[in-house]
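Chains as they are written, first to last, in the working numbering: chain V, 1 to 305; chain Z, 1001 to 1305.
Chain Z is faced by these chain V residues, among others (derived, beta-carbon under 7 angstroms): (1) Val186; (2) Ile194; (3) Tyr196; (4) Thr197; (5) Ala202; (6) Ser217; (7) Pro232; (8) Trp235; (9) Arg236; (10) Leu240; (11) Gln261; (12) Gln291.
Hints listed in this document are in silico derivations from the structure and should not be mistaken for laboratory results. Please read these numbers as outputs of a predicted model, since none were measured by experiment. Cβ coordinates follow ideal geometry from the N, Cα and C atoms, glycine included.
Protein chains: 2
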Amino acid sequence: MSVIYNRVALIGLGLIASSMVHAMRRAGLAGEIVGTSRSAETRAIAREIGLCDHIAETAAEAADGADLVVLCVPVGAMGAVAAEIAPVLKAGATVSDVGSVKQAVIDAVAPHLPDTVHFVPAHPLAGTEQSGPRSGFAELFDNRWCLIVPGDADADAVARLRGLWEGMGSFVETMEADHHDLVLAVTSHTPHLIAYTMVGVADDLRRVTDSEVVKYSAAGFRDFTRIAASDPTMWRDVFLNNKEATLEILGRFTEELFALQRAIRQGDGDMLHDYFTHTRAIRRGIIEAGQDTDAPNFGRAPKKT
Amino acid sequence: MSVIYNRVALIGLGLIASSMVHAMRRAGLAGEIVGTSRSAETRAIAREIGLCDHIAETAAEAADGADLVVLCVPVGAMGAVAAEIAPVLKAGATVSDVGSVKQAVIDAVAPHLPDTVHFVPAHPLAGTEQSGPRSGFAELFDNRWCLIVPGDADADAVARLRGLWEGMGSFVETMEADHHDLVLAVTSHTPHLIAYTMVGVADDLRRVTDSEVVKYSAAGFRDFTRIAASDPTMWRDVFLNNKEATLEILGRFTEELFALQRAIRQGDGDMLHDYFTHTRAIRRGIIEAGQDTDAPNFGRAPKKT
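The following block holds chain V by itself, in its conformation from the complex (with noise of 0.2 angstroms):
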């Protein structure tokens, strides 16, 4: 493949920006990859792993000249980032970003940028429970997918970045911002939220200890704690940034899971067996989709006989 972009800032150094540069790298996407981060330590360890071709002190610095500047910041961090590389753009530049939030951050980010530069918005629905600029790898965004929410973006502008993000191995796909959030609440944000209930449940419970939790964590609990284990700012900017559906789905399943209880209270054993066989035929869907592996356990015991 060629070069998309001759200058590519990117703004934030965690898992989906060091994973963009090996992803990029891999095929040769990027001219010239310079990468910042609020955080000096973060800075520091990048240039010490020689993450990109230029580490610079702050965004302003790296945005400076960029054909396309990433925004890969917490969501709640994006505004503040956008009103500072505004004077710097230059014209004809794309500015995205990789929030997990896509209304949010076109309302903090849009009002701060010159109509001289395209803004471009998308979310890689990629991602580990690690972070910082060691836990990237170049196989992160293979086969997953990465919304584009193009608003009234340039079409060649929109085309290019679509070009970036299969090049880096996703499949695209383009969505309004709402519908965008509303999908995001239901496959990622309100799980997260029930992953990190259930773990802080767990660890409130006083009779059972710490250890037994821990030491018994196979039996289902330790997946949730995966899920739990993401990062803490990423996930408390989601949550206050998509909060009209994130609480809607939240009412949805309380519901549901209301509807359950009262089955086990009463003893309907019919209710709940049609329920968990209805749930098998998804993951079957999942699976078909290529969106997992079909491996026992996620492959962790594989099958050897």
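Given chain V, work out where chain Z should sit, using these hints.
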């Protein structure tokens, strides 16, 4: 290792029983393994793949003359199986089970058994989302815990069963039945119910089509679908038979969820950040205890760079 039981009978041939066959054979723990299933189709598959030394037509036929009989059927079916095998049990034999609930199994099974046998309930904390006689593998119990609930059973019989589980790769701990049921309500039963609920909610949402939920599941939801793909009959019986502890933990869960929901509604970022930071530490404990892989995303996307 040497033979611990000359003749082992497995009643029910699902994931746990078929894994026990492979694990016992790996270590040479059983002289002869007899299996049976209520389902003719399951018995035919077991014969076809040569799972056991002999496949019996009925539970009574399998249990006849066995030194160890293990009930590997859903919790709700244990009592009927105990009643069926009671007349043929050899004096001095051990009867055990692998049920996910212990007090209800003891209540259902113990009254049927003659005084001449040792009843030693057990519960291996291991499993995958798959089921049936083809799903077993020898490594399933390696480094996983098996909880034995000996009550007032004969110490030699308990030590012998412990030896079997250790020989199959497990760590063994003994516990009181009601404590077992509470610990499992936290580490397994409630997490499963919550996962089933979240998958049900996603499926139920008409505005977010099935295909979108499936397509974009990698953002967290797919982990829930794995848990919610477990055997429906087994899980129906778990909830019906560990009603009290599950409802108690569900109550705690709902209380906690409402507190987080309130923090989102009120925009209390500090509360959310503190909560998410705290749960992250629990994940570290589980990895340190060797109960999960520290590979990001369960090792689904191995870091190659």
